[in-house]
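Protein chains in written order, with the working numbering: chain E, 1 to 127; chain W, 1 to 190.
Hints are computed from structural coordinates only; laboratory data are not their basis.
All C-beta atoms in this analysis are idealised placements derived from N, C-alpha and C, irrespective of residue type, glycine included.
Among the hints, a few may not be true.
[Stated by the list, open to error] Some chain E residues flagged as far from chain W (calculated, every beta-carbon gap over 10 Å):
(1) F7
(2) L49
(3) A53
[Stated by the list, open to error] From the structure, some residues in chain W lie toward chain E, with a derived Cβ separation under 10 Å:
(4) R54
(5) M66
(6) L89
(7) P102
(8) H107
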Amino acid sequence: MDRLAVFGLFTWQYLLMVYVAGLGVIQLAAVRSGRRHLWVFPHRRLSALLGLALVGVGVASFFLEPLWTTGPWGPLGVGRATWATLETARNVNDLNGGLAGYWQALYFSVAFLAAAFTARAAGRLHR
Amino acid sequence: MSDIEVFRWLNGLHGPIFDQVVAFLINDYLIPVAVALTLGWLWFAGRDDEEAERFQTAALVALIAMAFVTVFVQVTNAVWPRLRPFDALANARLLFYPPRDPSFPAHPVAILTAVGLSLYRSHRPVGITIVTVATMFGLLRIIAGVWFPSDVLGGLLYGAVGARLGWLLLRHVPGVATAVRSLADRLGLS
Numbered sequence: 001m002d003r004l005a006v007f008g009l010f011t012w013q014y015l016l017m018v019y020v021a022g023l024g025v026i027q028l029a030a031v032r033s034g035r036r037h038l039w040v041f042p043h044r045r046l047s048a049l050l051g052l053a054l055v056g057v058g059v060a061s062f063f064l065e066p067l068w069t070t071g072p073w074g075p076l077g078v079g080r081a082t083w084a085t086l087e088t089a090r091n092v093n094d095l096n097g098g099l100a101g102y103w104q105a106l107y108f109s110v111a112f113l114a115a116a117f118t119a120r121a122a123g124r125l126h127r
Numbered sequence: 001m002s003d004i005e006v007f008r009w010l011n012g013l014h015g016p017i018f019d020q021v022v023a024f025l026i027n028d029y030l031i032p033v034a035v036a037l038t039l040g041w042l043w044f045a046g047r048d049d050e051e052a053e054r055f056q057t058a059a060l061v062a063l064i065a066m067a068f069v070t071v072f073v074q075v076t077n078a079v080w081p082r083l084r085p086f087d088a089l090a091n092a093r094l095l096f097y098p099p100r101d102p103s104f105p106a107h108p109v110a111i112l113t114a115v116g117l118s119l120y121r122s123h124r125p126v127g128i129t130i131v132t133v134a135t136m137f138g139l140l141r142i143i144a145g146v147w148f149p150s151d152v153l154g155g156l157l158y159g160a161v162g163a164r165l166g167w168l169l170l171r172h173v174p175g176v177a178t179a180v181r182s183l184a185d186r187l188g189l190s
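Whole structure, please, built from the sequences with the hints as guidance.
If you want it as structure tokens, here you go:
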């Protein structure tokens, strides 16, 4: 797999993680502040539970994905990671397709904004 | 003890499980994303107008501070491209991929510190936690052979300067915060 293919893989997985976890964080914050227009569900407790679940699923999926996706993961080379090698799977240099800091900043902003607009759209459904 | 002696001591700490934990915690994503999500949480978490304004202003200061820090780090890297420990020293143990940018200052530590100190005035527990995490992140990367101790200290210093400048900028140009909050309000994201 060449550098651009690895970069593409990291890009989509990173965007998905931030979108899902970001939506969760927004739910948790909106429940605390009472911003009902951002709640996905019209119930406080349900929105809080959804928030916690989304943060967990978003982050876990990013770090567990090397178990079922083929790639050059960290120092492991091409193939899938195992539970024994998972801790180094995401340690990929940006020269080899990992995400440099500036790409992370851009992708984070895009995915988090998308999550915020999703929350707002969901909130409108039950107003 | 000199910088290299402290590095040697920390880099010499090892054990099978310890190495695995360190290798996981120092990745480029976990802690930076967690801190960025915290920033996002803060934007929406204010319970009333006063708290929301305080939180959102602090989040904006953090963004400005990150920009300052990045400029300072790039300039420093251009002026003094310090070698990484694994390039500069024989037998340095490396638990991470070999980064190719200069070692000083520790850029992620500077960014995390800038965020932590920017938030400190508005949400003290969050600010203290983030600065603690930044310091731990730096220590773990010394153990992993990525930075010298002085790189981490430099990162903490750059972060502090960035946060200070961020607050000064918003204090002298308060219209920036008002404009951003007003735009967010119009978009329903305030």
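Results for each hint:
1. F7: Given that every Cβ of chain W is farther than 10 Å from that of E/F7, nearest at about 13 Å, it holds.
2. L49: Fine: 16 Å to the nearest Cβ keeps E/L49 off the interface.
3. A53: About 15 Å separates E/A53 from the closest Cβ of chain W, which puts it past 10 Å; holds.
4. R54: Because about 12 Å separates W/R54 from the closest Cβ in chain E, which is outside the 10 Å limit, the hint is violated.
5. M66: Constraint on W/M66 satisfied, holds at 8 Å.
6. L89: violated (20 Å)
7. P102: Check failed: Cβ of W/P102 comes no nearer than 14 Å to chain E, outside 10 Å.
8. H107: holds (7 Å)
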